[in-house]
Structures are given as C-alpha cells and as structure tokens.
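Take the given structure of chain A and dock chains B and C to it, following the hints.
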Amino acid sequence: MEATYRHATVDKFVFKVKTGCWYSEAGLWVQLEHSLARVGVSDYVQQSSGDVAFAEITSAGTELEREGYLGQIETIKVAIDLPSPVSGTVQEINEELDASPELINQDPYGQGWLALIALNDWEADRANLLEAEQYLAVMRSQAEEAAKKL
Amino acid sequence: MPDLPEKKVGLIACSGEDLAVGTVSRMAVLQVLERLRPQETVTLCLPLFLAGEERERAFARFYPTIAIDGCSKRCAARATEKYSAQPAASLVIDDLIAQKGLPEPHGLRQLDAAGQAVAQAVANALAQEVDRLLGHKQPADIEVEAEGPGSEVEPEGLVVATCACGSGIPVAQLQVNGHQVEALALPAILDQFREMGKLANNATAGELMDAVKLYNHVPDDEAAAWHEAVLREYARTITAAGPAGNAD
Amino acid sequence: MSEPKQTDNDRVLIIPCSGIGKAFGSVGREAAYLVLEELRPDDTATVCLSLLTMGDEESQQRVREQRSIAIDGCPKACARVNIEHAGAEPAAIFRVFDVFRAHKELRVKQVSDIGENGREMARILAEEVAVKVDELRGGKE
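Residue numbers (the working numbering), protein chains in the order written: chain A, 1 to 150; chain B, 151 to 398; chain C, 399 to 539.
Chain A with its partners taken away, still in its complex shape (with noise of 0.2 Å):
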C-alpha cells in the first residue's frame, strides 16, 4: 500500500505526518517491520531544525532503553540530541547519512531513517507513542508555539 500523509499547516508552512506510524513527542517516528522498528524523526523536526550537515546514530549492537540516548542530528542552526522512541537493541543505523545527511531533510520518512531496533517490550513502548493522528495534534501545537516566537 503506498505511503499517506496527513498535513498540518502553520503560518507558512506544510507539515507531513506519515499514516501507519507512531510517534514520540519529541518528534520520532516508528515503523513495525515484524518484530523490528524502523525509526527517524518526523518532517515538522526536519523543516524546524534546518538542513542537517552531520547525523551521529548510535552504533549497531547498543542497547537503548525507550528515551535513551540514540544519537544527534546537527544542522546550519542547532545541534539536537534524539532520545530513542523505543527499547531495544540497534540492528542497523542508515550509513548512507554520513556522505548525504540532506536525506533527513528531503525524505525524512523515507530514505532518511536513521535506525533499525530489535524491540523489547513493544506493547509498554506503545503505551508512551502517538498513532499520527493525535502527532498531528501535537506537533501543530508544538509549531503553532514556535511560530508565536518568531
């Protein structure tokens, strides 16, 4: 089935939320393959962030508690620690990011990701997630603020 998105529009700007995913509210997507998440942060994070020059992913093999430390992304603006959406083990981390960090930016739910994780305890993970529809809530909320500091 192909991808759908949801949009949000603050001021200016066009947010996709990604159906079919959960969501941290710090802006972290999940996708279940199986017994595996695939994770990456969302496109409000991305176009709020800027364009990404570095992304630092933990390695394969560490294991991450759910908000524990996954890594950062860097980008011409900030430096932005990523607190691990799920428990698990890190399988794999998205290598291509290291030549072309800009894929978080141009494909942020797509060729973007950053991590592949053996999950622990999925069900107690989806007890602290979003499905989109209230991400979407959310995060128009949460631009809906930062636009008012603009």
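The reader is advised that the hints may include incorrect statements.
[Claimed, not checked] Now the stretches of chain A that chain C is said to cover, found in silico as 3 or more residues with beta-carbon under 8 Å:
id, segment
1, 26 to 36
2, 72 to 81
3, 100 to 107
[Said to hold, decoys possible] Straight-line alpha carbon distances no greater than 20 Å define the calculated SDA-like cross-link-like pairs of lysine to any residue that follow:
id, chain 1, residue 1, chain 2, residue 2
4, A, K77, C, E514
5, B, K157, A, S49
6, C, K502, A, D81
7, C, K507, A, K18
8, C, K507, A, G50
9, C, K502, A, D98
10, C, K502, A, I80
11, C, K502, A, A53
12, C, K530, C, D496
13, A, K77, C, V479
14, A, K148, B, D153
15, B, K232, C, V479
16, C, K507, B, R259
17, C, K502, A, E56
18, A, K18, A, R38
19, B, K223, C, G453
20, C, K507, A, S49
21, A, K18, B, T389
22, A, K18, B, D153
23, A, K77, C, N515
24, B, K157, A, D11
25, A, K77, C, R465
Derived by calculation from the structure, the hints in this document are not laboratory data. All residues carry an ideal CB built from backbone N, CA and C; glycine is no exception.
This is chains B and C only, laid out in the frame that chain A set:
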C-alpha cells in the same frame, strides 16, 4: 476551508549578481522580509522555478507576488510569469532610479551609500505595495524617495526570514482529457473532504470542484473532464488511506 | 545606467546561487564576489543566474562557451541545475555546506547579514575556488 499556508504576499527578487541593482533588489526584499513586513511576506529563490519541483512553481499561483527586478531584462517578472503565474505587481529598480532621480548605486558585494539609500527607498515602496495587495491600505500612489536608512517605522527586533521552498504548496497532478494538469491545493482539499467523511460520489465531486476552482482556473470546455478526474482522485485517496478515523 | 563587467572568453565564470531564503546563499554570494573582485579579478567574471533561469540566450551561450564554477548554498543546487539546463556542465561545483561541515563552529543564521562567521566561511570557500580557477586557467596566477 482546506488547511493551506496563510495568504501572504510573495516577493521574488532577481538578485542579479552582475549588476549593483541586482544587489539592491536583494537587499530591498530582505529588508521587507526581515524588518518591514515579516508576518505578511514570503520569498522564494528565483532559480528554484527551474531547479525545484511543482510545489515551488506553484508559488505565484498561490501567493500574490511582486517581482523586483534590477534592470530592464526583468528576469524576476518574466521568469515568474513563465514558470508560475503573472506577478500581481512588478518593480524595476533601474526605471525607478531614472524616474525619481535617485542616486546611481554602486557595489556588488557591498552597496555604497547611494545603493543603500536606493535599497531603503525600494523597500519602503515594496512595503506599501504589500499593504495594498493585502487590502490593508489604499495609497493613492507609491512614492519612492531617496531616504536614509530607518526612514520608515520598523518593528522591534529582527525576524530571520525564511523562504517558502521548504514546506511547499500542495500540488497534485491530474489526467484531464488525456493530458496532465496541475491542481493547486488539491491534496489539502481532498484531505479536508476525507476528514468530513464525504463519500466519493457526484454530489461530493461538485463540492470538490467548487473548492478546486478557488485555486485553479478550470476552462469551461474542460469542466466535465476535471469533475471526473477530481472524483477519480478522491476515490483513489479514500481507498489508499481509508475513510476518516481509520488510521492505517 | 548600470553596466556589466566586460569579459573575454577565457575567464572562468563564477556563478553563485545567491539563494535569498537561506543564509548559505548569502555566504556563497559573498565568496563569489571575493573571487571576482579581490582574489582573481582578471581571471573571472560572472553571469546573473536569473538570466539563465529566464532562458536568456546570450547568457546560456556564455556558459556553454566558457568554463564555469557553480557555488551552491543548499542541496537544491540551483546554480548547478540552471547551468546544466543551459546545456553546459560546470567545470567545478562548490557547496557552502561542505565548508560548514569542515568548520562547524562557523554558524550563520541571518540572510541579510552573515556576520563574522559567514565572512570567514566565505573567505575559506573563496580561497578554494581561487585555487580551482588557477587550475582551470592552467596554473596562471
């Protein structure tokens, strides 16, 4: 109304690198974006009309746009019309300099004092034109005076201007009568109708077309074909996403 | 009325994207002018990128006949893409981004005023471009 970017005035500067008036165009637009009318304006890099995607080329079809050109080649006005839509207003700095007896600007990297004065004067004129296009004021005439910096009241603080190219105006491609057309704002319109739980039928198609026509010119002789294409696209998105409330 | 610089076919064209929406567009423009006006004034010239976008035949012919260096401020790569659309291939492509990746302490936030960090970044980039100009011109200083 569909969830679309706020209506602002678009500013497209030529930013011509080879002439001082190109730098003037750039500095004048940045003054308006950052200081004079930060909440009311948005910009796009002119070369993105060629290097970008459909959502960038939709810029002047969505935002009433002012083209600001340095010289008579009018790259900003002509490229905007060629790739996007006719600008709502157009300003050529060389012409203004001649008409108003303004000092000749010099400097490419750094404008001289005359160049800065011209940039300020152009920025003030642009701000008034922005107000006019948004219906905020109706000045009898747009006067351009060679005034020094700070000649118009500026808001407190500086806004870091951002361009419109990151977010994009939603555009969908439709097959109409065997050829492809761009339907501005269609994805947002379809989203809205799905949220309302509208069925994919002829009655809905009529309502969809009323919304589509707010943002797109639909020729009379293609109205029926558009009606069919929009309904087909709506049915497809319902099938792909599921009706409202069914997050996949 | 303003007049463009005279040029000969041997000059290398320095074409920045001059992006107005992002600070790195201004840094690239600054770097281009450093090369054009200070570092290699006799070896280089420029073409308004907007003329290429508009499809100006004379400008397109210049980029086809002369070697060009594109300086881009973001991944959209407007300078490179517009040169290619004119039927030419840049002899070299520089990305402001790559300078930032090598000097990430040089953060630049504002488009209209790139500040000391931006000017430093522009100078680093300009010196790299100048070396390339020398290479293209056969080592002539």
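Mind taking a look at whether chain C covers the segment 72 to 81 of chain A? Criterion is 3 or more residues with CB to CB distance under 8 Å. With 3 residues close enough to chain C, the hint holds.
Sort out whether D496/C lies within 20 Å of K530/C, counting only the CA atoms. Distance of about 16 Å is within 20 Å: holds.
Outcome, coverage hint (the segment 100 to 107 of chain A, chain C; C-beta under 8 Å; three residues): holds (count 3)
Could you grab the alpha-carbon distance between K507/C and S49/A and see if it respects the 20 Å cut-off? 12 Å, holds
Does V479/C sit within 20 Å of K77/A, going by the straight-line distance between their CA atoms? 26 Å, violated
If you count the residues of the segment 26 to 36 of chain A with a beta-carbon closer than 8 Å to a beta-carbon of chain C, do you get 3 or more? violated (count 0)
Given the hinted pair K77/A and R465/C, is their Cα-Cα distance within 20 Å? Violated, at roughly 34 Å.
Distance restraint between K18/A and R38/A, which requires alpha-carbon spacing of 20 Å or less: 13 Å, holds
Compare the distance between the alpha carbons of K157/B and D11/A with 20 Å, and conclude whether the hinted pair is satisfied. 9 Å, holds
Starting from K507/C, check that the Cα of K18/A is at most 20 Å away, please. 30 Å, violated
Quickly compare the C-alpha distance for K502/C and D98/A to 20 Å and report which way the hint goes. 15 Å, holds
Given pair status - V479/C, K232/B, alpha carbons within 20 Å: 17 Å, holds
Of the hints listed earlier, those the structure fails to meet are numbers 1, 5, 7, 13, 25, in rising order.
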